[in-house]
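Here the protein sequences come in this chain order: A and B. Sequential numbering from 6 applies to the first sequence in this note's numbering. Sequential numbering from 434 applies to the second sequence in this note's numbering.
Just so you know, the hints here were simulated from the structure itself, not pulled from any lab data. There's no promise every hint is true.
Derived DEER-like restraints, expressed as beta-carbon distance ranges [as the list claims (entries may be wrong)]:
1) B:E559 x A:H11: 31 to 39 Å
2) A:E104 x B:T492: 43 to 51 Å
3) B:E673 x A:K25: 34 to 42 Å
4) B:N769 x A:E104: 52 to 60 Å
5) B:D636 x A:K10: 19 to 27 Å
6) A:H11 x B:E538: 39 to 47 Å
Just so you know, even glycine gets a beta-carbon here, dropped at the ideal spot from N, CA and C.
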Amino acid sequence: MRIEKHPILDFENKTKIAFKYNGVDVYGFTGDTIASALHALGIRKLSSSIKKKRPRGFYCAIGNCASCNMIVNDVPNVRTCITELKENMIVLEQTNKGELL
Amino acid sequence: MKHYELVIIGGGPAGLSAAKLAAESGLSSVIIERDFKLGGQLVKQTHMFFGSEKQYAKTRGINIAKILIDDCLKFPDLIEIRKETMVVGIYADKVITVLKNDVYEKISFDALIIATGASEKFLAFENNDLPGIYGAGAVQTLMNVHGVLPGQNVVMVGSGNIGLIVSYQLLQAGVNVLKVLEAGPTIGGYKVHASKLKRLGVDILTSHSIKRANGTEKLESIIYSELDSNWEYIPGTEKEIEVDALCISVGLSPLATLLSMVGCDMKYVSKLGGLVPVINEHHETSIDYIYVAGDVCGVEEASSAIVEGYLTGLIVANKLGYKHPDFENKQMDFLNQLTNLRSGPFGKATRDGLRELRDQYAE
Chain A
6 MRIEKHPILD FENKTKIAFK YNGVDVYGFT GDTIASALHA LGIRKLSSSI KKKRPRGFYC
66 AIGNCASCNM IVNDVPNVRT CITELKENMI VLEQTNKGEL L
Chain B
434 MKHYELVIIG GGPAGLSAAK LAAESGLSSV IIERDFKLGG QLVKQTHMFF GSEKQYAKTR
494 GINIAKILID DCLKFPDLIE IRKETMVVGI YADKVITVLK NDVYEKISFD ALIIATGASE
554 KFLAFENNDL PGIYGAGAVQ TLMNVHGVLP GQNVVMVGSG NIGLIVSYQL LQAGVNVLKV
614 LEAGPTIGGY KVHASKLKRL GVDILTSHSI KRANGTEKLE SIIYSELDSN WEYIPGTEKE
674 IEVDALCISV GLSPLATLLS MVGCDMKYVS KLGGLVPVIN EHHETSIDYI YVAGDVCGVE
734 EASSAIVEGY LTGLIVANKL GYKHPDFENK QMDFLNQLTN LRSGPFGKAT RDGLRELRDQ
794 YAE
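Can you make the complete structure from the sequences, with help from the hints?
Here it is, written out as structure tokens:
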């Protein structure tokens, strides 16, 4: 869900950015972070807690709390709330601590 | 190893302002920012600021960010900007390690200003980790920076200024704000913000707080309850309300981990937001080449962070041998501005907190 009309801000004239989320072709817009693009698509769960595998979304949106960590282009623990969305990114939900490459 | 005269950690209001005054004094610096954009939390603040003209009162935060960034860009030879770069280590021999794109780099410096700001506090309740439960500031970023709605039906926990302002901005974006819950007996923030919400029909419930969140994969509803004068839940007063997002706005904590890491003297001052560095009136920590500015040394408004940044940039430049042509007047002006910003009933906590901190320094 994106803001259609706003009394102060103007969100028009954005360009689509295609990327993959869990193997599915989706898109966001210029200016998005990975987390904001996913949120706009209705995706709230970004990762799981390490032991109990409870669902995790973002919390702080300033790159501090690690709750939004995902696997991006094979790299785990990417803080998706401060990572700018780029064309053709491959984004996967993260369910563990991440594997060493 | 690359050497800089001044390294500034954090490209928010305090860091940008410090770089500007350092550059005006002739001192070169690098600003290191972990986000991919400068401006810190100003970039999401669509409301107009209070204070006086010198702190850009009546200007929206988003436009203040542009002014501060442009001010730095006027000194391309003196201010270098490194974005998407995180400081991961500070060492006693005036060296830091930064990380960018999986590459570590060591940088040496003559002086360091830490302006890392603050982060939103969390609140303990059952299922508080469900997706859909966000910091109020995080929701502000989602809406005002990215143009994405957090949900359709939202409850705000906390009625301080951030809680009230973000509630209003949720309404501006077309979201229903069902309740604002305030655990204390009175509304925490400015009356002017609370009145705007009340006029738009938003319920602000004092002596109420969230008890539990419900949902499996994401937030579906919350249970809230009335509190007695000891802030305990009153049995039988629980009510359930369907929401798809919940905002937590219960204060901020200084992001002071780098300061703890390098061994600066720290003190817990609850009125300043938590663990803060012990500093003197020059914003100098217990380590003589490390300075701080902004929320990292006590949570206040962005206006104070800007002035603290100016003051610290001015002082550090002078210490390194670059005296601003108008040093004495500028220093006096910045100190007076800070005194004014901290005057009045809403500045009392900061005044008391700083007194508590300075007493420690005197010892």
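Right, here's what the structure says about each hint:
1. A hinted range of 31 to 39 Å holds for the C-beta pair B:E559 and A:H11, which are about 35 Å apart.
2. One distance hint, 43 to 51 Å for the beta-carbon pair A:E104 and B:T492, holds here, with the actual separation near 48 Å.
3. About 38 Å separates the C-beta atoms of B:E673 and A:K25, a value consistent with the hinted range of 34 to 42 Å.
4. Our hint of 52 to 60 Å for B:N769 and A:E104 holds, since their Cβ atoms are close to 56 Å apart.
5. Between B:D636 and A:K10 the beta carbon distance is about 25 Å. The supplied range of 19 to 27 Å therefore holds.
6. Taking 39 to 47 Å as the suggested C-beta distance range, the pair A:H11 and B:E538 conforms, at roughly 40 Å.
The structure agrees with every numbered hint stated previously.
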